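Asker: Sequence:
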Amino acid sequence: MPKLQIVNHDNQIKEILKKADLKVTQPRISVIETLLDSDRPLNSKEIIDQITKKQKNSTEKSKIDQVTVYRIIESFKEKKIIHQILDQGYLFCRHISCNHKNHIMMVCSNCSKSLETQIDEELISKLIVHISKKNKFKVDQHSFQISGICQECDN
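The sequence shown lines up with residues 60 to 214 when you count with the numbering used here.
Just to be clear, a hint being listed does not mean it is correct.
[Stated by the list, open to error] Below, a list of computed lysine-lysine pairs in the DSSO-like style, where the Cα atoms sit at most 30 angstroms apart:
| hint | residue 1 | residue 2 |
| --- | --- | --- |
| 1 | Lys136 | Lys104 |
| 2 | Lys104 | Lys82 |
| 3 | Lys139 | Lys197 |
| 4 | Lys115 | Lys77 |
| 5 | Lys122 | Lys172 |
| 6 | Lys136 | Lys78 |
| 7 | Lys136 | Lys192 |
| 8 | Lys172 | Lys139 |
Quick caveat, the hints were computed from the structure, so don't treat them as lab data. On a predicted model such as this, the values are computed, not experimentally measured, just so you know.
Generate the whole structure from the sequences, applying the supplied hints.
Answerer: Have a look at this one:
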């Protein structure tokens with residue numbers, strides 16, 4: 060999956076945090092940068108490991124602990140800044156204006172690369188209504204994920 064192109068990394072990240080009514084802090088910035096730099100979902104441990112590795116290679120002295128990362132991830136999920144990929148980790152929302160409703164996450168079973176694709180609201184609504192009625196189940200939240208083989212791995 061192509062990485063999100065951010066021309067002015069710092070200003071864009073600060074804007075994302077401000078729009079989500081979150082305080083701009085170095086740990087939050089570090090988590091977003093780490094997710095932006097990845098072309099696959101990262102779990103909490105991988106996020107911490109990558110931030111720690113970057114900190115060892117820089118003059119930045121502040122450490123980030125596991126609890127802080129978990130709290131940041133939870134707040135990012137609530138604010139819809141990131142997506143959770145089932146059984147794999149977290150992925151920064153690749154289209155910042157995401158309404159978190161009408162998309163499907165596709166994950167390569169071979170290399171774990173992921174892709175988001177928008178889906179027509181009418182189509183997804185029909186599917187949810189059909190499933191809900193058939194199973195007599197009131198849907199209050201949904202997520203769609205498809206696993207398969209990406210084009211690079213298929214070649």
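Asker: Now tell me if each hint is right for this structure.
Answerer: Okay, the hints, checked on the actual structure:
1. Lys136 x Lys104: Within the cut-off at roughly 17 angstroms; holds.
2. Lys104 x Lys82: Roughly 23 angstroms separates the two Cα atoms, so the pair holds.
3. Lys139 x Lys197: Cα-Cα ~22 angstroms, so holds.
4. Lys115 x Lys77: Satisfied, since the Cα-Cα distance of roughly 28 angstroms is no more than 30 angstroms.
5. Lys122 x Lys172: Given pair Lys122, Lys172 holds - Cα atoms ~28 angstroms apart, limit 30 angstroms.
6. Lys136 x Lys78: Distance of about 14 angstroms is within 30 angstroms: holds.
7. Lys136 x Lys192: At roughly 29 angstroms apart (the allowed maximum being 30 angstroms), Lys192 and Lys136 satisfy the hint.
8. Lys172 x Lys139: holds (20 angstroms)
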